[in-house]
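A.B. asks: Listed below are the residues making up each chain.
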Amino acid sequence: MGTPLRIVEERASGGTGIRPEAGRELAVSLRNCSLAFGDVQVLNNVSLDVYKNEFLSILGPSGCGKSTLLRLMLDLLKPLPGGEIVYADKEPSIGMVFQKPVLMPWLTALQNIVLPLTLGAKKKLGKKEAREKGEEALKLVGLQDFRNHFPHQLSGGMQQRIAIARALAAEPTVLLMDEPFGALDEFTRERLNFELLRLWESPDNSLSSVVMVTHSIQESVIMSDRVIMMSPRPAAVDEVLEVPLPRPREVGMEELPAFHQTVKALRKRVKDQ
Amino acid sequence: MNEKVKTVLYPVVFALGFIALWELAVRLFELPVYLLPAPSAIVGVIDGTLGGHMMVTLTEALVGFVLANILGFATAVIFVHSKPIEKGAFPLAIALKTTPLVALAPLLVVWMGTGYTSKVVASMLICFFPILVNSVKGLKAIEHEAWELFSTYKGTRWEIFWKLRLPTSLPYVLSALKISSSLAIVGAIVGEFVGANKGLGYVVLVSSYHMDTPNMFSAIIASAVCGLLLFWTISMIEKKVIFWQRVDEV
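In the order they appear, the protein sequences are chains P and V. Counting in our numbering, the first sequence runs from 128 upward without gaps. Counting in our numbering, the second sequence runs from 4 upward without gaps.
There may be inaccurate statements among the hints.
[To be verified] In the DSS-like style, the derived pairs of lysine-lysine whose C-alpha atoms are separated by at most 25 Å in a straight line are: (1) V:181 with V:157; (2) P:227 with V:140; (3) P:205 with V:140; (4) V:166 with V:86; (5) P:217 with V:157; (6) P:255 with V:166; (7) V:157 with P:260; (8) V:140 with V:86; (9) P:227 with V:157; (10) V:243 with V:140; (11) V:100 with P:255; (12) P:227 with V:143; (13) P:249 with V:157; (14) V:157 with P:254; (15) V:243 with V:166; (16) P:260 with P:179; (17) V:166 with P:227; (18) V:143 with P:205; (19) V:166 with P:260; (20) V:100 with V:181; (21) P:249 with V:166; (22) V:86 with V:7; (23) V:143 with P:254; (24) V:157 with P:205.
Worth flagging that the hints you see were computed from the coordinates, not collected in a lab.
In isolation and in its complexed conformation, chain V is listed as follows (with noise of 0.2 Å):
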């Protein structure tokens, strides 16, 4: 057997070995479904509808991801060519990344309503430190004797951001989209708890006012899948862009 089957196949015998104990030690002890719903009895409820929700949060996590990233990342190129700017600014980036966004989000939803707007803000407000902190330390990676050789041949501001800067600075962009991928779902689902009539936090939510705990598990597993999703996404594109240097295992 091949690597890459073996990459695949284990964590699938294991997820489907995991579901058959859940399933027997639910049916074995009798378990009430408010509290632990079987996986038979959670796919039983899955329909159309959680699609739907599905594709709001995704869409939301999305938007707010790419924004926050190249917003992140354009601040960091100031934040590098700019002693002054990053001294003033950097204190202001931290306090609203020790700020809870839990906190935030109702504030979010006040000033723009519980509309798509609300939730993609608070998507980018989590996913922006990462990228921010990341690439500021990225593009000052630079080896000192690279420098030295672009400044012996006379490369301009210009191509040392280039050709040195910015390629230096790619495996940690990386790994900072790889940790907001996820954040940025979590942003997403804060904002619906909020305020919102559709995506998986909506539902989370709802369900849990009517103790419909299986359809809760549906909207929970979702929001997982939806993470998940992204990290591959994100982890392929590393293998791809990053291929000089070994990246860690997933």
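So that you can see chain P by itself, here it is in the shape it has in the complex (with noise of 0.2 Å):
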């Protein structure tokens, strides 16, 4: 089906182990993933690596498994015998956004941000300390007058907005999102893409590489470097593209020729698909 993954074609002449290339450096590596649920095969033989400081999207056909992936990087699945992810920090700090908010209807917001922090047999984090973080990530998304709120009482954005800044307040290094904005209205959606720009390109925090699942082919184009597709179900890496725009990304972007042709581009690989 699609041209092979280049640097899938490099390890398969002898290369193993994490380490730069190109000039950049690896965050999270996937090899050979197959998975199957009962007799249905979801991904076929995935590979990918995902660089750290990058904005990498997934981008494919609905129920194609590309939440499947995120689900492998987050080790709630695991691949079958033959595929592995590989980290390349130790102990990785990987944050997690999904399609829905997720948000606990009887936490306020700030208690919802603070939740994943004081999780887990070790307590990493002191109550103080927990809840000055969940104060800091509110106000990275702008939230902090809503402190108080319950999630009943915010509007869908800003309950996802709510979710990203949970997702912030661990200080992951990589961060994972499963079509977060798919659920909102187009105005919030194209605010939200550049906020998580800013917040993604910003010096404050740790987030170093953000993977994107999304069926929107301009959102991907917008947002990232690389963007992947993936073919239909059984999932395979279909092809690789790299977004041929300057950072930092602008609202007006849209408009340039580099944009419509990387938009083409997608298409037609979703036509031949």
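Since each chain sits alone in its own frame, please combine them into the complex, following the hints.
C.D. replies: Rendered as structure tokens:
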């Protein structure tokens, strides 16, 4: 089906281990990951690399296994024997944002953000410290005035920003997002897209790599450095595309020829599948 | 007029209208008192003893209600954490549920006598099933993504229970409490029917022997009031506890 990922080719010729490639440092590497739920094969030999300081989008038809890929990276699912997921850091800090905000309705915005910081057998943070981190994260998404609001008192966009703040509060180096803005209206979605880019570019947080699953071609192009195109189920990497747009991304870059060309190339790819 | 006043005023107006119609009908058609006593005749027979009987029934029902709900919830927690126990014991719980309480009540009196215990147990038997079923459902009702969130951040089993399962189950638990609040009174009264010397069920039974319909009515109404009191208390607690959900109008 598509062209194999060039990094895979190189690895087949004897490359092992995590190492910088073309001046870029690897953050996460999935190697030959296959997965099946019962008789249904979901992933077919997926190999892909995520670099440090990279915004990567995974694009593909609905139900092709994009979310499953993230769950592998979160260690919520295990690949079939032969596949492995390797993080460059020994104890990687990973954040996750789901399509739905998944907020606890009985907790305030701030309590929701603090929740992950207080979980786990070995408490990482004291109560006060966790609260301070929560407040900081709340400020990052601009919702400090809503710290004591409950989720049902917030709009869908605000709820998703709280979910992002919750992921950021744990100071992840890798942020995984599963169609984070898929359930939002166009206006909110566009605003949050750029808000997320500003957060990622900002030196105030530890965030290094973002992996975003999306089914919007435009969104993937305007946000990412690279777009991974998945084939329909069983999902495999169909193509990897570099987005030739400069950083930082600005509103209005959708008008640039480079944007249109990339979108067009991806569209063509979809049609050929 | 604000909404709060309306929710109290309207039912009161309807109730008063109903009572007035009843009184009027009895007087107009000169119905015999053993068939349908007028509200004024019922009020006439109410004295201090009714309050005493009411307290007895309410106590039996309340103790049975509380014990059954604690026990039922604890059982649900065990079920949720152990598939074999759930699979093995759930049919038994269903068998218990499908056995009519009325058929069991005489046995309870034989075993435990005519005192409080048999009524409390009767009340427990009838309250146990709703809380068990709803709690199992509620404790399992967690969103898959919420579970993933807790797992991602290395939440322990205990944390998942305490910070996720338990709060998620609350709406289910409270709706079970609402159902069983009225059932608890039924259990106590059925127990009293079989063997007792006090309580509202006892008053109903004895007045029926004497064709004392006004007294019977007073006890029936008192039992309805008991049920309402319990139900309203639970509804109020529900509004406070699960503030994040729009509670259905009662």
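A.B. asks: All hints are to be evaluated individually against the structure, with a verdict given for each.
C.D. replies: Here is what the structure says about each hint:
The hinted pair formed by residue 181 (chain V) and residue 157 (chain V) fails the criterion: a straight-line CA distance of about 36 Å is larger than 25 Å. With a C-alpha separation of about 22 Å, the suggested pair residue 227 (chain P) and residue 140 (chain V) falls inside the 25 Å cut-off, and the hint holds. Of the supplied pair hints, the one linking residue 205 (chain P) and residue 140 (chain V) is violated, its CA atoms being roughly 29 Å apart against a limit of 25 Å. Taking the CA atoms of residue 166 (chain V) and residue 86 (chain V), the gap is about 22 Å. The hint holds against a cut of 25 Å.
Pair hint residue 217 (chain P) plus residue 157 (chain V) holds up; C-alpha atoms about 16 Å apart against a cutoff of 25 Å. Between residue 255 (chain P) and residue 166 (chain V), the direct Cα distance comes to roughly 19 Å. Compliance with the 25 Å bound is thereby established for this hinted pair. Between residue 157 (chain V) and residue 260 (chain P) the CA atoms are separated by roughly 18 Å; this keeps the pair inside 25 Å, and the hint holds. Under the criterion of a C-alpha separation no larger than 25 Å, the hint pairing residue 140 (chain V) with residue 86 (chain V) is consistent with the structure, at around 14 Å.
Only pairs whose Cα atoms come within 25 Å are accepted, and residue 227 (chain P) paired with residue 157 (chain V) is accepted, the gap being roughly 20 Å. The straight-line distance between the Cα atoms of residue 243 (chain V) and residue 140 (chain V) is roughly 22 Å, inside the 25 Å bound, and the hint therefore holds. At most 25 Å may separate the alpha-carbon atoms for a hinted pair to count; residue 100 (chain V) and residue 255 (chain P) exceed this at roughly 49 Å. Straight-line distance between C-alpha atoms of residue 227 (chain P) and residue 143 (chain V) comes to about 19 Å, which keeps the hinted pair within the 25 Å bound.
In summary, the hint linking residue 249 (chain P) to residue 157 (chain V) is supported, as the alpha carbons are separated by about 9 Å, within the 25 Å threshold. For a cut-off of 25 Å, the pair hint linking residue 157 (chain V) to residue 254 (chain P) stands: about 17 Å separates their Cα positions. Distance hint between residue 243 (chain V) and residue 166 (chain V) is fulfilled; the C-alpha atoms sit about 18 Å from each other, no more than 25 Å. Restraint check for residue 260 (chain P) and residue 179 (chain P): satisfied, since their Cα atoms lie roughly 24 Å apart, inside the 25 Å limit.
A threshold of 25 Å between alpha carbons decides the hint, and for residue 166 (chain V) with residue 227 (chain P) the separation of about 19 Å falls inside it, so the pair holds. Distance check on the hinted pair: residue 143 (chain V) and residue 205 (chain P) sit about 24 Å apart at the alpha-carbon level, within 25 Å; holds. Proposed proximity of residue 166 (chain V) and residue 260 (chain P) is supported: the alpha carbons are some 20 Å apart, at most 25 Å. Between residue 100 (chain V) and residue 181 (chain V) the alpha-carbon distance is near 18 Å, which keeps this suggested pair within the 25 Å criterion.
Distance hint between residue 249 (chain P) and residue 166 (chain V) is fulfilled; the C-alpha atoms sit about 17 Å from each other, no more than 25 Å. As the CA atoms of residue 86 (chain V) and residue 7 (chain V) are separated by approximately 46 Å, the hinted pair breaks the 25 Å bound. Among the hinted pairs, residue 143 (chain V) with residue 254 (chain P) is inconsistent with the structure: their alpha-carbon atoms are about 29 Å apart, more than 25 Å. Under the criterion of a C-alpha separation no larger than 25 Å, the hint pairing residue 157 (chain V) with residue 205 (chain P) is consistent with the structure, at around 16 Å.
The structure fails to meet hints 1, 3, 11, 22 and 23 from the earlier list, while all remaining hints are met.
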